[in-house]
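Construct all of the structure, not just a fragment, from the sequences and the given hints.
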Amino acid sequence: MSADIPEMDSRLERLPLTLRDLLTAHLPEPWRWIAQSLIAIAVVLAAFGLLFAFLTLIERKILGRIQNRPGPNRVGWGGILQPFADAIKMLTKEDIIPRSADPVLHYLAPVALVSFSLLSLAVIPYGRRLVALDLDSGVLYFFAASASSELAVFMAGWAGRNKYSLLAAMRALAQLISYELPLLLSLVPVVMLAGTLSPSEIVAAQSGWTFGLVPHWYALTPWGFAGFAIFMVASLAEANRSPFDLPEAESELIAGHLTEYSGFKYALFFMAEYFSMCALSGMAVTLFLGGWQSPFAALQFVPSYAWFAIKLLVLLLGFIWIRATLPRLRIDQLMRLAWKFLVPLALINLLTAAFWHLSAGWGTGAQPLRWGIALALVAVPFVLIGRRLSSGLGPRTYRYAAP
Amino acid sequence: MNLALIILGLVILGSAATALSIRNIVRSVLLLVASWFGIAAFYLWAGAEFAAFAQALVYGGAVSMVVLFAVLLTRRGHLDVPVPPPPPGRLLWAIVAGGAVAGIIAAAAIRTPFESLNNEAPSLPVRKLGALLMGPQAAALLVTGVLLTAALLGAVVIAAGAKDDKEGAP
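Protein sequences appear in the order of chains A and B. So in our numbering, the last spot in the first sequence is 985, and the numbers never skip. So in our numbering, the last spot in the second sequence is 340, and the numbers never skip.
The set of hints was computed from the structure by calculation and includes no laboratory data. Don't take each hint at face value.
[What the hints assert, rightly or not] Simulated DEER-style distance windows between Cβ atoms: (1) A/Val770 <-> B/Ala320: 49 to 57 Å; (2) B/Val228 <-> A/Ile913: 23 to 31 Å; (3) B/Val327 <-> A/Lys675: 29 to 37 Å.
[As the list claims (entries may be wrong)] Computed list of chain A residues with no C-beta within reach of chain B, every gap over 10 Å: (4) Asp603; (5) Pro610; (6) Arg647; (7) Ile670; (8) Thr792; (9) Phe964; (10) Arg970.
Think of the CB as a built atom: it goes at the ideal place given N, C-alpha and C, for glycine as much as any other residue.
Printed below as a string of structure tokens:
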């Protein structure tokens, strides 16, 4: 891939690797490999740790602006040091373990949650040469690591010996079983058309531009767009983000599985939530938005990791915007959305992708027909299933008290 | 290299044995999950990346959820009341039955001639694995698919039947 366009391999592009080699140059051979791996781990931890800290601030600021209030604005310049004040507060708070709780599981749950969500950050290609662990079956690894995180939520909910926590644990399990399916089904077309399970090869398969303007990202094909939409909805549910934050619904379950947690363990849960949000967004960027590829051929001088960071931040801001906009779903609505809407659409999307793959050889004249059929395969089921599900629910009528 | 295998074996067998012996059902399910992850780690040790991740995804992510869900949906009383240890006769039969199954599997494993026992472990890329599954091993894949589909249809039929019973309930 990089051999085709050597002029894009600028000094800025190689900067992270140059720095790493500078640090490890004087070490003997086996130690250099270990040191390079440790540096990769440390960089990923530091980058996402800082991103987590400032993402909490950005989220509170944006939520504040959307709700027409300033948000945190006292600590530091305009509130910029708020995350560090929060960290000190969380670290110095008392760690309470309820007397009837299961102490081992109560301790293990936040640790397991954070470690599982950190594991999934390892295989995402952050740049042309920046991938910590380039696995042949990296996509499978990613979902194996992130699927286990809901186990930790269950442990947290059960260990607390609290009925709200237990309800949250049950909701978490139901939610996982339901949304794991559309999440995995929505990425099967990508694996089918790229012909690989390796994230870096999937990014390489999306390289190139039409007329130097329209990138060959999967999100810009009919099946890819549908897959991207399904993937994002399902990953909102996987990351326990609003409007799917039923396990920790503050207003119904007094924060659910978090009810019996305090101090730093409580902070670890939030850390894990943001890490898994970042990991899922990173995977969405990799699978559908061309990974580290630049959107225009003329903008290739910008280093690839910067493009990845921009796309990741856009998706994360989308997550925050959705949280500020949509109300939480009821548990039956959550189930209906997954099983009756997302799973059928994801299955139909498999057929759309198969059609797209089989019609790849059609001539230039037949391209409008190819696009038309593929778009119809995406849009018609969406409208039909959506109408059937929402029939009998509208139009809404309002009744007012007599004046 | 062998030390890692011994530690893995101890983790797998130890957590499975503890899961069977303790009386707290949720804890034993979680120990069982630990054992499944141990098996995934064993696959990773053996160089079978794909099988390891599939094991972690299917057993750690999905089967564990189903088991835990089943445990939570059973009546709460069973979780609190300590179950008395089984009578010695049942224990004996359990050991006999378990021993028989283990003997059959061990005998089959010992008698099977492994061709590449002394060779380097082959590293199989996923693409080749997929080609093998779709080509020479397609029959096994199809049988598994039919079996799972039958199980799914059975679950749907049972669920649909249960819904009719509850129709009158508030």
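Notebook entry, point to check: Going back to the hint list, which numbers does this structure go against?
Noted result: 1, 3
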